[in-house]
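Novice: Chain by chain, the residues:
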Amino acid sequence: MSDRPIGDAAAVVPVVRLSTVGLTYGKTAALQAVTLDMPAGGVVGLIGPDGVGKSSLLALIAGARAVQTGHIEVLGGDIADAGLRRRICPRIAYMPQGLGKNLYPTLSVFENVDFFGRLFGHNRRERERRVKALLQSTGLAPFADRPAGKLSGGMKQKLGLCCALIHDPDLLILDEPTTGVDPLSRRQFWELIADIRSERPGMSVVVATAYMEEAAGFDWLVAIDGGRVLATGAPAELLQQTNATTVDAAFVALLPEAKRRGYSQVVIPPRPGTLDGNVAIEAEHLTMRFDDFTAVDDVSFRIERGEIFGFLGSNGCGKTTTMKMLTGLLPATDGTAKLFGHEVDPNDMDVRRRVGYMSQAFSLYSELTVRQNLELHARLFRMPRDAIASRVEAMAHRFDLVDVMDSLPDPLPLGIRQRLSLAVAMIHSPDILILDEPTSGVDPVARDGFWQILSDLSRKDNVTIFISTHFMNEAQRCDRISLMHAGKVLASDAPARIIERRGSASLEEAFVAYLEDAIGEVKAAPLVAGAAVAPAPATEPGEKEVAGRGGASQLLDLRRMLAYTRRETLELRRDPIRATLAIVGSVILMFVIGYGINLDVENLTFAALDRDDTAISRDYILQIAGSRYFEERSPILDYADLDRRMRSGEVSVAIEIPPGFGRDVSRGKTVAIGAWIDGAMPTRAETARGYVQAMHASWLTGKARELYGAAATAGSYQLEVRYRYNPGIKSLVAMAPAVIPLLLMMIPAMLAALSVVREKELGSIINLYTTPVTRLEFLISKQIPYVALAMLNAVLLTAFAIFAFQVPFTGSLLTFACGALLYVVVATAMGLVISTFMSSQIAAIFGTALITLIPAIQYSGLIDPVSSLQGFGAFIGRIYPATYFVNITRGTFSKALGFSDLADSFLPLLIAIPLLLGLGVALLKKQAK
Amino acid sequence: MRLANVLQLGVKELRGLMRDPMLMVLIVYAFTLSVYTASKAIPETLNRAAIAVVDEDQSPISSRIITAFNPPYFSIPRLITQSEMDRRMDAGLDTFALDIPPDFQRDLLAKRSPTIQLNIDATRMTQAFTGGGYIQSIVSGEVGEFLNRYRDSTTVPVDLALRARFNPQLNKSWFGAINQVINSITMLSIILTGAALIREREHGTIEHLLVMPVTPFEIMASKIWSMGLVVLAASSVALLAVVQGFLAVPIEGSMVLFLLGATLHLFATTCMGIFLATMAGTMPQFGLLLMLILLPLQALSGATTPRESMPAIIQDIMLAAPNTHFVILAQSVLFRSAGLDVVWPQLLSLLGIGAILFVLSLRRFRQFLR
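First to last, the sequence lines map onto chains A and B. Letter by letter, the first sequence follows residues 1119 to 2047 in the numbering used here. Letter by letter, the second sequence follows residues 1157 to 1526 in the numbering used here.
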């Protein structure tokens, strides 16, 4: 840490050196032979549209993604070396793309920052001091208790920054930190970065951004497109090199010829004959409330026919909600929305046919081809059948989709997909187009092409366009715009007039000025004070002496481990669905299986066809009817009746007694009684057969005694049958103790697997990649809360078995508890192993169910004893942990056993724990591949 | 025009399904391999049951009894001592332990009626009962034959002619195969419709539909007919090709009647799929919910264990589930070749449950779209 570069000296040694770095995902190349050096001590900006490889490059530098080809040196070491990564990761901070992607949405602001502090091994006092200072300087202090998921976009990014800065990094990597954030928050964000840099001049910052205006303020730029570096240099150098006035224009000029072709500056002709009084869209006092949160607050505007009306504002300010109310997707809480003078009625199909809507994300069917998408929508809009083909062709030409008509949308570039969305929205020639952020993520050239189309639609076809955007240069092209913030419209007028009214130099400045007015009260908070030249007072003390950075190389650090455990527990407590599944789900399943896999056969319906009707025949029938296993139905009349009643399933067992039965028995002549059993359900039939035979035999014995006297009864021998452990031969007594291992395997394994896969899916797994936490710590810490939960489950299930199912517990409770503890540790460890090769939650659920259910039901002695299994099933049965826990539960529940009797069953569980954890550690990746 | 929308949207669902290889694999698996394994997986009740014998007599008769136990019903008996017996049963090594007392043969011939003790581990329900019966008859047979050489019998001359109808051999693979088809129908219809709806919501396409001139009713109806059709076609193929063809299970009853029942059942379960999807919101939650719903539906429908051995309250509750009626119908029609005159109450119940579920889920669906 002593070699931390200070001041100018650092500029000589680059902070990051890349040489011929390449990266491919499947077949697509994200980066191709990138070679460049990034100067230390300054702000390096990566510019370019979405999906050109910026994020991949940053993830490689941060060590979050494994290097495929080439060589990357970060802070003077090879980032491909795992040992080095562990040593330098406390010096790097990485904030991935996406609002709050590495944050935990259910945790509060304080808990989030605190968690990162724990990961970096800070002690309690140190943590409190640092968290307080950071929250103060970012203006988040008043919101310390608010869940991160409920913060606005700008606040999320500030919180992300706090989490990144908690350990005083030397290299700060920010991936599009300001995308989707309002201009004021954006400005505040950069002021914050400037402050931090002024205090820690040695810190290098690498930023990716899609906003070219921002990039103009950086020290050094890297322009990227299609996985290649187009140019590098200070902004001024790039402008000079390309003879451009803005970075935007410079970037376009740097693009290869093929991409630039057809590009021309968009010029939208002024509207002819304005104010013809023909109003297309009208909103009056529109309000939308969700529970206690007001998304749109008293919004009014009028849009004329043929006008391009822009909506500006940050993510979550109410733009999308307003648009949805206009389309009738959401009913307004208050106020009215009118289209062509008619109030929006979600059931009015005619109005829908006059509106085209394009939602924020690409929302067409990715399983249908471009042509099928267009045709489906044409048909749904009830266009005349013969007009559809020509209309589809026309749209294909107009939006330049001819070459891709028969391809699926997913692999197409974003720009083309946006054009397809627009073509679909236009297929039925609507009079109004409502477009929700149609250009986010699209490169500047494609964006301008898109606007050219909009201009034509408005000016030539007199289509009214209602569009929302983040980009100021797009807003400037609108006829009129509305600035929105927190559900309210701040200003609504022509862009030029808005600038004029605030006396600002640009639209962005005017917007910021409006925002500052709107949130005046926050102005007093330290975040704006932090924007002043003076360093924020709270961040002063002890910044240089970095405490508690050590421990990074230790394999198992208790503090780091408990940080994850604590966080996992908090999250679990705040997630009702998972908690419900864990607690209620297992009890429900126990109930269901206990009765569902019921092996008792009772109340079998039987009826007799008594064609003898003597005292002896009636005695025979009575013998059966009197047993608890049979339930007598009205006598059978004839064969047809027998046939009908057996077919309908009304009678499961039918007895036929032949004529002259009584007489023949008395005479000692051989007679036969007929019995039919319903064989549709073989297990039941087999049991029924056993009952009938037993009944017959006992009747015979009785009869023999009657006929031949006591001599006959002295049987040759006696067979004394002892049903051990379960004298009543009750199914529940046999099943309930065996179901507990099944449920304690499936649910804890699934929850543990989900806990890791969820992080993978939501993106917070990145914290495993970029913080000093080791794989073993990660796994064990994830396991602890679920082991605790599973033990609670075990208690519930046992109580349920004893009290609800009335299964007697005869053995040692302590033995059972120890067995259960070991077993749930094994079960959760299995879940963790499964999670290492599952990538989506749904796959984890089904995968875990498959891997746990089948062996636990079929090969662990639940139904068939393991000793009866053969071949592969027997092998699984012998190595599967459930087998041994079934022995422990049955032993302690029914067989009155204790530790000494069950030692053989404990040993395999004890062996399984380190084995599974070791496997998990070996399979878990500490970097994305 | 409205019917045209339902048709168009349904065709779209089918196209979407064809492009989803995972779901296609699941469908094919559920109706072929899974049916096959289910039919083969159910073991015969008594299969290699572990038996041990304590032979304190060491006589011709005792060795005669011991050699009578053979695979496949029993494992070759292990000869143990009395002291071992308890320990081995405690450890779960043996299911049955037969104790032949000293001087058994002598007492037998002297008509002193000696006692053989049979210990059964009754926590192993599947083997305990049937196995006990088998052992009794084996021992009786051996002793009887042994004694026949010495004395006459004094028994009542009444035979029991016991026959099983509809499945004379009590062949479990028939039962398992048909049962699995029923389970697959239920599972797939719920998963397919539910997943189709959630996929639309997660991709945002559902919003897109709603700004077009189509009603929630049309959207729901299109999903029901398309996914129902897929499952119906797959299950017909499974019954004809896999069950009847490959597994050679004789299906006695009318396929048409069964498919009519299946259609009504699908109507109910597809509605249920939509209902669950509106409850869940996201795919993982749907997966969890599915587990909690599907398991009781399948386990308590009467397909795995007979309804009459469940507590009355569960029997009554399960009357509200479509599976219960469908299982009754399927067993009556396919095994007992029952006709319309027998199964009409089930058809009516299915229709009623389906109608109620349809109305409920349409209401939920409308709210879900808001």
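The hints are simulated quantities; they were obtained by calculation from the structure and are not laboratory data. Note that the Cβ used here is the ideal one computed from N, Cα and C, for glycine as well. Be a bit skeptical, because a hint or two may be false.
What the hints assert, rightly or not - Stretch-level coverage of chain B by chain A, calculated; a stretch enters the list once three of its residues show a Cβ under 8 Å from a Cβ in chain A:
| # | stretch |
| --- | --- |
| 1 | 1162-1169 |
| 2 | 1208-1215 |
| 3 | 1245-1253 |
| 4 | 1317-1323 |
| 5 | 1457-1470 |
Unchecked claim - Heads up, simulated DSS-like pairs for lysine-lysine below, C-alpha to C-alpha not over 30 Å straight-line:
| # | chain 1 | residue 1 | chain 2 | residue 2 |
| --- | --- | --- | --- | --- |
| 6 | A | K1145 | A | K1456 |
| 7 | A | K1250 | A | K1268 |
| 8 | A | K1848 | B | K1267 |
| 9 | B | K1267 | A | K1821 |
| 10 | A | K1606 | A | K1456 |
| 11 | A | K1219 | A | K1250 |
| 12 | A | K2043 | A | K1145 |
| 13 | A | K1787 | B | K1196 |
| 14 | A | K1219 | A | K2047 |
What the hints assert, rightly or not - Non-contacting residues of chain B with respect to chain A, defined by C-beta distances greater than 10 Å in every case (computed):
| # | residue |
| --- | --- |
| 15 | S1219 |
| 16 | L1274 |
| 17 | G1289 |
| 18 | S1296 |
| 19 | V1370 |
| 20 | A1404 |
| 21 | F1491 |
| 22 | V1498 |
| 23 | L1507 |
| 24 | L1516 |
Novice: Does each hint fit the structure? Answer for all of them.
Specialist: Right, here's what the structure says about each hint:
no.	hint	verdict
1	1162-1169	holds (count 3)
2	1208-1215	violated (count 0)
3	1245-1253	holds (count 7)
4	1317-1323	holds (count 7)
5	1457-1470	holds (count 8)
6	A/K1145 - A/K1456	violated, 49 Å
7	A/K1250 - A/K1268	holds, 20 Å
8	A/K1848 - B/K1267	violated, 36 Å
9	B/K1267 - A/K1821	holds, 21 Å
10	A/K1606 - A/K1456	holds, 19 Å
11	A/K1219 - A/K1250	holds, 22 Å
12	A/K2043 - A/K1145	holds, 22 Å
13	A/K1787 - B/K1196	violated, 45 Å
14	A/K1219 - A/K2047	holds, 18 Å
15	S1219	holds, 16 Å
16	L1274	violated, 5 Å
17	G1289	violated, 5 Å
18	S1296	violated, 8 Å
19	V1370	violated, 6 Å
20	A1404	holds, 16 Å
21	F1491	violated, 4 Å
22	V1498	violated, 4 Å
23	L1507	holds, 19 Å
24	L1516	holds, 21 Å
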